[in-house]
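**Student:** Here is how the chains run, residue by residue.
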Amino acid sequence: MEIWNRHFECMDREELRKVQSERLIETVERIYFNVPYYRHKMQESGLGPEKIRSIDDLRKLPFTTKQDLRDNYPFGLFAVPMSEIVRIHASSGTTGKQTVVGYTRNDISTWSEVMARTLTCAGANRHDFIQIAYGYGLFTGGLGLHYGGEKIGASVIPISGGNTQRQIQIMHDFGSTVLACTPSYALYLAEAMLESGISRNEFRLKAGVFGAEPWTENMRREIEDKLMIKAIDIYGLSEVIGPGVASECLVQEGLHISEDHFYPEIIDPETLEVLPEGEIGELVFTTLTKEGLPLIRYRTRDLTRLNFGRCKCGRTMVRMDKCLGRSDDMLIIRGVNLFPSQVESVLLEMSEIKPHYQLIVDRVNNLDTLELKVEVDEAFFLDKISQLETLRMKLQDNLQSSLGLGIKVSLVEPKILERSEGKAKRVIDRRKF
Amino acid sequence: MIIPQLSVFLENKSGRLTDVLEVLGKESIRIIALSVADTSEFGILRLIVPDPDKARALLKEQLFTVNISEVISVVTPNEARYYARLLRILSDIDISVEYTYAFPHGRDAVIILRCSNNDEAVKALRKNDLQLISMKELKEL
Numbered sequence: 001m002e003i004w005n006r007h008f009e010c011m012d013r014e015e016l017r018k019v020q021s022e023r024l025i026e027t028v029e030r031i032y033f034n035v036p037y038y039r040h041k042m043q044e045s046g047l048g049p050e051k052i053r054s055i056d057d058l059r060k061l062p063f064t065t066k067q068d069l070r071d072n073y074p075f076g077l078f079a080v081p082m083s084e085i086v087r088i089h090a091s092s093g094t095t096g097k098q099t100v101v102g103y104t105r106n107d108i109s110t111w112s113e114v115m116a117r118t119l120t121c122a123g124a125n126r127h128d129f130i131q132i133a134y135g136y137g138l139f140t141g142g143l144g145l146h147y148g149g150e151k152i153g154a155s156v157i158p159i160s161g162g163n164t165q166r167q168i169q170i171m172h173d174f175g176s177t178v179l180a181c182t183p184s185y186a187l188y189l190a191e192a193m194l195e196s197g198i199s200r201n202e203f204r205l206k207a208g209v210f211g212a213e214p215w216t217e218n219m220r221r222e223i224e225d226k227l228m229i230k231a232i233d234i235y236g237l238s239e240v241i242g243p244g245v246a247s248e249c250l251v252q253e254g255l256h257i258s259e260d261h262f263y264p265e266i267i268d269p270e271t272l273e274v275l276p277e278g279e280i281g282e283l284v285f286t287t288l289t290k291e292g293l294p295l296i297r298y299r300t301r302d303l304t305r306l307n308f309g310r311c312k313c314g315r316t317m318v319r320m321d322k323c324l325g326r327s328d329d330m331l332i333i334r335g336v337n338l339f340p341s342q343v344e345s346v347l348l349e350m351s352e353i354k355p356h357y358q359l360i361v362d363r364v365n366n367l368d369t370l371e372l373k374v375e376v377d378e379a380f381f382l383d384k385i386s387q388l389e390t391l392r393m394k395l396q397d398n399l400q401s402s403l404g405l406g407i408k409v410s411l412v413e414p415k416i417l418e419r420s421e422g423k424a425k426r427v428i429d430r431r432k433f
Numbered sequence: 001m002i003i004p005q006l007s008v009f010l011e012n013k014s015g016r017l018t019d020v021l022e023v024l025g026k027e028s029i030r031i032i033a034l035s036v037a038d039t040s041e042f043g044i045l046r047l048i049v050p051d052p053d054k055a056r057a058l059l060k061e062q063l064f065t066v067n068i069s070e071v072i073s074v075v076t077p078n079e080a081r082y083y084a085r086l087l088r089i090l091s092d093i094d095i096s097v098e099y100t101y102a103f104p105h106g107r108d109a110v111i112i113l114r115c116s117n118n119d120e121a122v123k124a125l126r127k128n129d130l131q132l133i134s135m136k137e138l139k140e141l
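Quick note, the sequences are listed as chains C and Y, same order. First residue of the first sequence? That's 1 in the working numbering, and the numbers climb one at a time after it. First residue of the second sequence? That's 1 in the working numbering, and the numbers climb one at a time after it.
In case anyone wonders, no lab produced these hints; they're calculated from the structure. Note that the Cβ used here is the ideal one computed from N, Cα and C, for glycine as well. Warning: the hint list may mix true and false statements.
To be verified - Derived, one-sided and incomplete: chain Y residues facing chain C with beta-carbon distance under 8 Å:
#1 S7
#2 F9
#3 L10
#4 E11
#5 A37
#6 T39
#7 E41
#8 F42
#9 L63
#10 T65
#11 N67
#12 S69
#13 E98
Put together the whole structure using the sequences plus the hints.
**Tutor:** Structure below.
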């Protein structure tokens, strides 16, 4: 099995610890002097940069949350002047204040490096044709894979998401060997390939790197059976860098985290205490090399556990389990992040609707579907079908334009949505992960 | 005449109409006329009852979304050409009919209409000697 960067990926763990300590000290100095927000936070807890002498001191430092990024929207947490920023991405799906991330030239190079590791983990090299069916744009998926693909010298096909017929034609005509997209889209493509009537032998596909949404072992088996490929789980989030934070190797027993760049901790989301090795908790990352947007103890809200045992592939980098869920109410719909509160704020802007709602998430033919059930305000219920239909369409349009997601709206009678038993059940997720 | 009509919002699924009628039935509410308009997802049940306020209160107690709106009631001989004439009078002065339903009464028909402008519609119908019928008369049918 090939390894992209043997020096770091197979580094002795004692030595790795030294590297992590050195890099943490540099990062803390940088943020203390360059990011007023962090300086104030550290001063509040009586911490100067000199108090951080090794990676063991990390737990003295305060956490960073998505809210901190929003409060400092758009560039408040950047640690370099904007003249050093060469790229800006933003998280998908949020109303108004998106989570904005910035990269220096070195950050782009780090990102390419960790993505090169990811693709090599999946068995790709310069002889491969990588079809990138992640969206290009503010979303980090497309460009993250793109730079990694170029870094390993593969032939990159930046087809972006959607247009299934064209995906299949290009996959066939160009001889794509590696597919990069969300796992649900991979399954969708698998079915479209069957329907296309082109024999599997005419495709050269051998592997896929899939991420940006939760998926199960069952889904993996289905993808592997239907596409006859190795399906590799990849993990990342734009705040930390984008895709490339962690990736499975061909052993498929957990995702190796690029620990020399992103230091993971597992905490109890209630007590915020660091949990012992092997316990399930919330994943927290500290970036060790990032310049544009360094983050200290960033709470991902993803639940998983870490395994420091030696992997058969030879890499020494710690492995995380497939994410087991979230410690907040965020939903991931077709790769787009969605908080129920965002739906609520759209509803509150419309006087004709009561903010009594329920979101029903399901997966039909391997694609996520989202239905919003909402009550009509009696004052607005004026006995005309056309008026209700207009209202329904208007709400659908408003949701589409502010959330970037197609949501089917259904108007319902009041008592359908339970609200008697204290906390209303706002989300029903019928998908099986 | 312009009379009150009860409208009930219903999801389009089996049993909902029954639920409404059972609530009213328990209190022996008389239904003079009834009509259902539906889409694939939801419907509106429209009712003419002698005491719409009472019926509304009963349904609201059961958490139904209810409203009272105004409709026009007219009596014509029970033949299509009279219905047609009535509609022609309205369309000639650019009043559109949002919905209408009718029920027979002896040799006559009672026609219920909701127009884009109910007041103007009533004026026009009066001018053309159509026989408007009041709530009081409807109750006695």
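**Student:** When the nearest CB of chain C is found for Y:F42, is that gap smaller than 8 Å?
**Tutor:** Given a least distance of 5 Å, the restraint on Y:F42 holds.
**Student:** Given Y:N67 as an interface hint, is its Cβ closer than 8 Å to any Cβ of chain C?
**Tutor:** 5 Å, holds
**Student:** Does Y:A37 pass the interface check with chain C, least Cβ-Cβ distance below 8 Å?
**Tutor:** Hint holds; Y:A37 Cβ to chain C Cβ min 5 Å, cut 8 Å.
**Student:** Next item in the hint list is Y:L10. Is there a CB on chain C closer than 8 Å to its CB?
**Tutor:** Cβ of Y:L10 sits 7 Å from chain C, so the hint holds.
**Student:** Does Y:T65 hold up as a contact with chain C if the rule is Cβ-Cβ below 8 Å?
**Tutor:** 5 Å, holds
**Student:** A closest beta-carbon separation below 8 Å is what the hint needs, so does Y:S69 meet it against chain C?
**Tutor:** 4 Å, holds
**Student:** Does Y:S7 meet its interface restraint, that is, does its C-beta lie within less than 8 Å of any C-beta in chain C?
**Tutor:** 4 Å, holds
**Student:** Does Y:E98 pass the interface hint, meaning its C-beta sits closer than 8 Å to a C-beta of chain C?
**Tutor:** 6 Å, holds
**Student:** Would you check whether Y:T39 satisfies its interface hint, that is, whether its CB is within less than 8 Å of any CB in chain C?
**Tutor:** Where the cut-off is 8 Å and the nearest Cβ of chain C is about 6 Å from Y:T39, the hint holds.
**Student:** Under 8 Å, Cβ to Cβ, is where Y:E11 needs to be relative to chain C, so tell me if that hint holds or is violated.
**Tutor:** It holds, given that the least Cβ distance between Y:E11 and chain C is near 5 Å, below 8 Å.
**Student:** Answer holds if the nearest beta-carbon of chain C is closer than 8 Å to that of Y:F9; otherwise answer violated.
**Tutor:** With Cβ-Cβ at 5 Å, under 8 Å, it holds.
**Student:** Close enough to count: is the Cβ of Y:L63 nearer than 8 Å to one in chain C?
**Tutor:** Since chain C brings a Cβ to about 4 Å from Y:L63, closer than 8 Å, the hint holds.
When each numbered hint is compared with the structure, no violation occurs for any of them.
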